[in-house]
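S.K.: Top to bottom, those sequences are chains A and B.
With our numbering applied, the first sequence corresponds to residues 1 to 337, in that order.
With our numbering applied, the second sequence corresponds to residues 1 to 371, in that order.
Think of the hints as simulated: they come from the structure by calculation, not from any bench.
Here a beta-carbon is modelled for each residue, glycine too, at the ideal position from N, C-alpha and C.
Do not take every clue at face value.
Simulated restraints, written as ranges between beta carbons of each label pair [stated by the list, open to error]:
(1) A:Ser60 - B:Arg120: 19 to 27 angstroms
(2) A:Ala8 - B:Ser124: 38 to 46 angstroms
(3) A:Arg188 - B:Gly286: 34 to 42 angstroms
(4) A:Gly240 - B:Pro312: 34 to 42 angstroms
(5) B:Ala31 - A:Ala249: 54 to 62 angstroms
(6) A:Pro137 - B:Glu6: 34 to 42 angstroms
A partial selection of chain B residues facing chain A, derived with a Cβ cut-off under 10 angstroms [what the hints assert, rightly or not]:
(7) Asp118
(8) Val122
(9) Gly286
(10) Ile288
(11) Leu338
(12) Val342
(13) Thr344
(14) Gln365
(15) Glu370
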Amino acid sequence: MNKQITLAQGNGGGAMQTLIADVFINAFDNPLLATGEDQARLPLSELTAAGDRLAFTTDSYVVDPLFFPGGDIGKLAVCGTANDLAVSGATPRWLSCGFILEEGLPLETLKTVVRSMADTARNAGIQIITGDTKVVPRGAVDKLFINTAGLGVIPRGVEWGVKAIRPGDRILISGTLGDHGATILNLRENLGMEADLTSDCAVLAPLIAPLRAIPGIRTLRDATRGGVTAILHEFCRGSGCGMQVDEAALPLKNAVRGVCELLGLDALNFANEGKILLMVDPASEQAALQAMRQHPLGRDAATIGEVTGDGQVRLRGIYGVSRVLDLPHDEPLPRIC
Amino acid sequence: MRFVDEYRQPELVKGLVARINERMQQTTYTAGHPLQIMEVCGGHTHAIFKFGLDKLLPPSLEFIHGPGCPVCVLPAGRIDACVQIAMRPEVILCTFGDAMRVPGRNGSLLTARQQGADVRMVWSPLDALAIAKQHPDRLVVFFAIGFETTMPASAMTLQQARADGVSNFFLFCQHITLMPTLKSLLSQPDVRIEGFIAPGHVSMVIGQQPYAYISDVCHKPVVVTGFEPTDILQGLLMLCEQYVDGRCTVENQYRRVVPVEGNLLAQQAMDEVFITEGASEWRGLGVIDDSLVSLRPDWRSYDAELRFQPDPQPVADDPRARCGAVLTGRCKPADCPLFGGVCTPENAFGALMVSSEGACAAWYQYRRSEA
């Protein structure tokens with residue numbers, strides 16, 4: 001096979017067949033994919049035994065650079081979509097993946113990304129069961145873009161949603177803020193900070209699963225693009241309630257805080273790829289914190305604020321003065337996931 | 001975190017606020033007739049809003065948010081000239097992130113990029129020089145903006161370009177100097193500003209001496225101040241103490257960073273490359289004498305405006321915008337009829353909404369709900 005991706009590998013001919021067999025089928029290897037049909041055929045009985053609703057979601061991944069400390073575009077394409085399923089309470093089961101490749105992409109780069117996807121999915125008990133590959137002329141995309149769609153099953157009785165949020169609820173976060181955003185920023189903008197920055201990119205389903213048993217979990221969401229600020233605004237809009245966050249309570253890695261202090265940025269607006277924001281009945285606050293802290297992904301879980309009745313998102317600073325926490329108009333850093 | 005947390009300690013802040021309260025009680029200022037202090041720099045404005053410092057202070061003390069944000073006072077016509085240069089196919093235009101969003105009459109550099117111009121964000125002028133070296137077939141223009149804080153870096157980048165024999169690198173000079181603006185502010189009628197929190201970063205370069213004009217000629221005390229909450233409060237306390245003691249002088253709160261004489265190496269580099277003479281237009285403030293910074297004759301081969309000859313673009317400020325009145329303490333951002341409606345950070349109309357450090361942008365970000 002060529003050492004670089006050619007247009008022929010996306011046009012439906014023999015070159016494409018070879019690429020699919022050698023790179024994708026080989027790495028993703030599972031019985032549903034191995035049937036070789038144009039579609040994956042999903043056993044309904046397995047689904048209905050696990051719950052009473054399907055969760056279905058899709059996301060595209062265009063992160064630049066493709067590889068970064070703590071992950072790569074392949075790992076991200078599995079984690080991101082799996083997490084969008086998991087925050088509904090669903091167990092992520094199956095993913096599709098669509099690749100758009102730039103002509104001339106080193107084959108080894110593609111193989112590394114695909115291996116990373118396969119490993120991440122396998123470790124999370126997720127199967128990649130159908131896919132598509134396109135190759136476009138040099139310059140028509142930047143190296144490699146991935147789309148994944150995912151299916152999962154929501155167990156009976158799990159009814160998380162924004163509408164359940166009430167004034168007085170506690171706002172919890174599963175760990176430190178902004179690790180992914182700060183890592184990409186440092187790398188992409190050649191800031192050259194030799195800081196201990198690693199993306200938090202991870203499949204959160206195992207952290208979320210134990211929360212299903214706790215009554216009083218109102219809703220949760222993974223705080224990706226736009227960071228915690230964006231989710232607080234979504235919760236505020238969706239529930240009509242206000243959100244008040246305590247600056248002193250925000251868990252932050254020193255390296256991330258350093259990046260923010262140096263550049264005048266706010267970690268609350270940085271993307272995360274392995275953190276959930278939870279809204280919890282005060283009676284269940286401790287149970288939720290304990291459940292999360294028992295998992296390595298939730299070791300730094302903390303309560304960061306409280307739901308109010310004033311319909312505003314606010315931040316109480318370290319001297320007790322409360323101010324509006326504005327949602328930035330545009331993404332400070334494009335192509336972060 | 002070292003060098004950060006020790007300057008934010010709540011106990012220290014509380015103590016400083018108590019002492020400021022004590023001193024203010026020894027003066028005749030009241031909530032109805034407050035002592036107006038101008039914090040010149042946008043960095044200070046931002047810190048005051050972010051930490052809510054003004055809400056901790058007595059109502060007899062009022063901050064006036066000054067002109068010290070180079071993006072805020074950038075005239076729209078200068079952006080138009082830059083956009084014109086950026087649209088040339090052979091040009092790569094580099095600048096700081098904040099400058100990319102500033103709207104000219106025909107959009108910002110960001111919109112020029114959407115229309116095909118090669119506009120790149122850099123964190124340092126040296127990054128722009130590196131891009132010039134990587135692309136010897138293109139002409140790389142650095143849109144140089146800022147007070148004396150960023151001027152030395154621009155100067156040294158040109159020195160580096162000359163030393164390395166780089167001939168495809170140019171500078172669009174929008175540097176500005178602080179003192180002419182402050183002098184012009186103080187010469188306006190009905191301005192009640194009584195003292196200045198002087199910008200720490202500019203002072204790190206220029207030192208304390210230039211402010212002597214304000215204390216000796218205009219009889220307004222000045223304290224060079226750092227950017228952390230305890231810095232700002234201590235600077236304010238030092239000003240209050242000058243009023244109580246009946247002194248009027250230049251003091252330095254930020255001694256851990258600002259030497260009395262400034263940074264001589266940086267001053268030397270600036271002086272070699274730049275010259276300040278002639279009048280220059282400031283957004284929101286109009287034309288100010290002796291405030292035009294340009295390249296010295298010996299460096300004009302690097303001057304982007306000489307090389308590309310953009311059309312002159314005078315653009316008057318919109319008469320409805322009250323930027324000038326906000327800058328001089330005559331009104332608050334929310335008093336402007338355009339604030340929050342016609343003029344927002346997404347669609348900035350006036351100078352002070354353009355940069356995140358502008359007084360109106362800070363007010364919009366932190367205080368909108370109270371407007």
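S.K.: Compare the structure with each hint and give your call.
M.R.: Hints, one by one, checked against the model:
With their beta carbons about 25 angstroms apart, A:Ser60 and B:Arg120 fall inside the hinted range of 19 to 27 angstroms. Between A:Ala8 and B:Ser124, the C-beta spacing of about 44 angstroms keeps the proposed range 38 to 46 angstroms intact. Under the hint 34 to 42 angstroms, the C-beta atoms of A:Arg188 and B:Gly286, about 40 angstroms apart, fit the expected range. The hint said 34 to 42 angstroms for the Cβ distance between A:Gly240 and B:Pro312, and at roughly 53 angstroms that hint is violated.
Checked against the given bound of 54 to 62 angstroms, the beta carbons of B:Ala31 and A:Ala249, roughly 34 angstroms apart, lie outside it. In this structure, A:Pro137 and B:Glu6 break the distance hint of 34 to 42 angstroms, their C-beta atoms being roughly 56 angstroms apart. For the restraint placing B:Asp118 at the interface with chain A, the shortest Cβ-Cβ distance is roughly 14 angstroms, beyond the 10 angstroms limit, so the hint is violated. For B:Val122, the interface hint holds, since its Cβ comes within 10 angstroms of a Cβ in chain A; the closest pair sits about 9 angstroms apart.
At a threshold of 10 angstroms, the smallest CB-CB gap from B:Gly286 to chain A is about 29 angstroms, leaving the interface hint violated. A least Cβ separation of about 27 angstroms between B:Ile288 and chain A goes past the 10 angstroms threshold, and the interface hint is therefore violated. The beta carbon of B:Leu338 is not positioned within 10 angstroms of any beta carbon in chain A (closest approach about 17 angstroms), and the interface hint is therefore violated. For B:Val342, the interface hint is violated, the least distance from its beta-carbon to any beta-carbon of chain A being 16 angstroms, above 10 angstroms.
Here the hint on B:Thr344 is kept, as its CB sits about 8 angstroms from the closest CB of chain A, short of 10 angstroms. Taken as an interface hint, B:Gln365 checks out: its beta carbon lies about 5 angstroms from the nearest beta carbon of chain A, inside 10 angstroms. The closest approach between the C-beta of B:Glu370 and any C-beta of chain A is roughly 8 angstroms, which is under the 10 angstroms cut-off, so the hint is satisfied.
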